[in-house]
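Enquirer: Sequence:
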Amino acid sequence: MLVKDRMSRNPVTISPDTSVSEALNLMRQSKVRRMPVLDRHGRLVG
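Mapping to numbering that gives the first Met the number 0: the sequence shown position 37 is 36, numbers consecutive.
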């Protein structure tokens, strides 16, 4: 098995300025447990 077989092709992302409640709502709606945090340039920061 390869990583590409398990990875999310279009992951749900948030910004550092997203509120915790908004992030939780988005996680529930999207049925995900983790979301990459991207800065305004699209760089991974968390």
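Keep in mind that the hints were calculated from the coordinates and are not lab data.
Just so we're clear, the structure is a prediction, and the values are computed from it rather than from any experiment.
Please note that the accuracy of each hint is not assured.
Said to hold, decoys possible - The list that follows gives simulated cross-link-like pairs (lysine to any residue, SDA-like), each with its CA atoms no further than 20 Å apart:
{"#": "1", "residue 1": "LYS30", "residue 2": "ASN9"}
{"#": "2", "residue 1": "LYS3", "residue 2": "VAL31"}
{"#": "3", "residue 1": "LYS30", "residue 2": "SER7"}
{"#": "4", "residue 1": "LYS3", "residue 2": "MET34"}
{"#": "5", "residue 1": "LYS30", "residue 2": "SER20"}
{"#": "6", "residue 1": "LYS3", "residue 2": "ARG32"}
{"#": "7", "residue 1": "LYS30", "residue 2": "ARG42"}
{"#": "8", "residue 1": "LYS30", "residue 2": "SER14"}
{"#": "9", "residue 1": "LYS30", "residue 2": "ASP4"}
{"#": "10", "residue 1": "LYS30", "residue 2": "LEU1"}
Enquirer: A separate judgement is required for each hint: does it hold in the structure or not?
Expert: Do the hints match the structure? See the list:
1. LYS30 with ASN9: Since the Cα atoms of LYS30 and ASN9 sit roughly 13 Å apart, the hinted pair holds (cutoff 20 Å).
2. LYS3 with VAL31: holds, 18 Å
3. LYS30 with SER7: Holds, at roughly 12 Å.
4. LYS3 with MET34: holds, 18 Å
5. LYS30 with SER20: holds, 15 Å
6. LYS3 with ARG32: Measuring from Cα to Cα gives roughly 19 Å; hence the hint holds.
7. LYS30 with ARG42: violated, 23 Å
8. LYS30 with SER14: holds, 18 Å
9. LYS30 with ASP4: holds, 19 Å
10. LYS30 with LEU1: violated, 23 Å
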